[in-house]
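In order, the protein sequences belong to chains A and B.
For what it's worth, full-length UniProt numbering labels the leading residue of the first sequence as 1, then goes sequentially.
For what it's worth, full-length UniProt numbering labels the leading residue of the second sequence as 1, then goes sequentially.
Think of the hints as simulated: they come from the structure by calculation, not from any bench.
Model, not experiment: these values are computed from the prediction.
A couple of the hints might just be wrong.
[Stated by the list, open to error] DSBU-like mimics (lysine-lysine), calculated; alpha carbons at most 30 Å apart, straight line:
#1 83/B / 87/A
#2 87/B / 83/A
#3 197/A / 83/A
[Unchecked claim] Over the 12 Å line for every Cβ pair with chain A, so calculated as not near, a few chain B residues:
#4 39
#5 124
#6 148
#7 193
#8 209
[Unchecked claim] Here are the simulated distance ranges between beta carbons:
#9 166/B / 165/A: 50 to 56 Å
#10 137/A / 193/B: 49 to 55 Å
#11 184/B / 155/A: 56 to 62 Å
#12 133/A / 50/B: 18 to 24 Å
#13 162/A / 108/B: 37 to 43 Å
#14 162/B / 137/A: 40 to 46 Å
Idealized CB from N, CA, C, for every residue including glycine.
Below are the chains, spelled out letter by letter.
Protein chains: 2
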Amino acid sequence: MSHPEAVVDLLALLAYAELQAFDQMANDARLAPDLHRRAMLSEMAAAEIVNFRRLESRLAALGAEPQAAMRPFVDVLADYHRKTEPKDWYEALIKAYVGDGFADDFYREVASFLDSPDRQLVLEVLHDSRYATFAGEEIGSAITADPKLANRMSMWARRLVGEGLSQAQRVAADNPALAMLILTGVGEQSDLQGLFKRLTAGHTARMATVGLNN
Amino acid sequence: MSHPEAVVDLLALLAYAELQAFDQMANDARLAPDLHRRAMLSEMAAAEIVNFRRLESRLAALGAEPQAAMRPFVDVLADYHRKTEPKDWYEALIKAYVGDGFADDFYREVASFLDSPDRQLVLEVLHDSRYATFAGEEIGSAITADPKLANRMSMWARRLVGEGLSQAQRVAADNPALAMLILTGVGEQSDLQGLFKRLTAGHTARMATVGLNN
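So here's chain A without its partners, still in its complex pose:
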């Protein structure tokens, strides 16, 4: 059972996150070492816009004004991206792989608290797994070729997660309806500690897959 205001908040957060991720990944594509890789990251970016449009339509169908609904999330997402600006191709890939992986796991959990059709919509706009596969393979083979990279990249991944969690707390503090939706949903199904445990386990597994330490 989900509160309408909180659902609008959630869809608006997700929509603006897609728009901002588009911007960031389109820009990061310039860091690619060749045209094939540049095209791949550009394509990952482009996929975000398709999802953005779907969320925007749903917001309008719910009677929300999409721009106004997204406004509360503009600064917090801009801050996240400003503080985690990739300096090279591997930082960009890890940001896409670790950051999006973590965020997707979180949204997947929250989707289970929503009613249809919003539940289905949120699940459908999560990132295509072939992009995670691409990013994971790129990172994995780079670390195999240059094991020294692993240490720096592990630190970078920790910084991404830390920054993401800190911005997530800010979102929760500034958007009580959304925070209540999550807390109530979590309370019905398990507990907040269980949620964090699952998110951390997913993150650790992703890191291990590509040869990074958590």
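Given chain A's structure and the hints, the job is docking chain B onto it.
For chain B alone, coordinates are given in the frame of chain A:
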């Protein structure tokens, strides 16, 4: 009747132009005055990637290595975009409207010299007319609101066309097979002067539509 090497050159030029246009428009979206307009330009950018992938697949099907085939066009397109970097939202819109409009007219002419399925493919990857409509309406209403803008924007449009033609000459000089395809195709159907006349007429009509002088 089209020469295989020239067809590969043409599709590679078009493919890299799409990838570069994605990059430029995704970046220009940051100049948008609000979220709605930013999303619209981001979506225009994303559409380029879908077209890029179609051209890349066709290049591979023709036995070409897409990256190698695109390489001769990297510098010339980078130069065009570097020399025509928009300074504000209206310069970005005019670049999309005037530049893409001119380029699309040119590719539409060249498509008629190609055999199937390349002719059809080139026609299909030209820009969706609803984006030109959006850009045209934005420019038109900005000029109605602030007539002084028209003069500066007309000069900007002239610069875009001048820069585009100068880079096109460089492409022709560096890629004789492609230049021959166009000259032969033009020769069979009409004459080079006729082609330029049609391109100029299309450009003048686009400018007039939004209240700009050629």
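* Asked: Hint by hint, which ones does the structure fall short of?
  -> 4, 13
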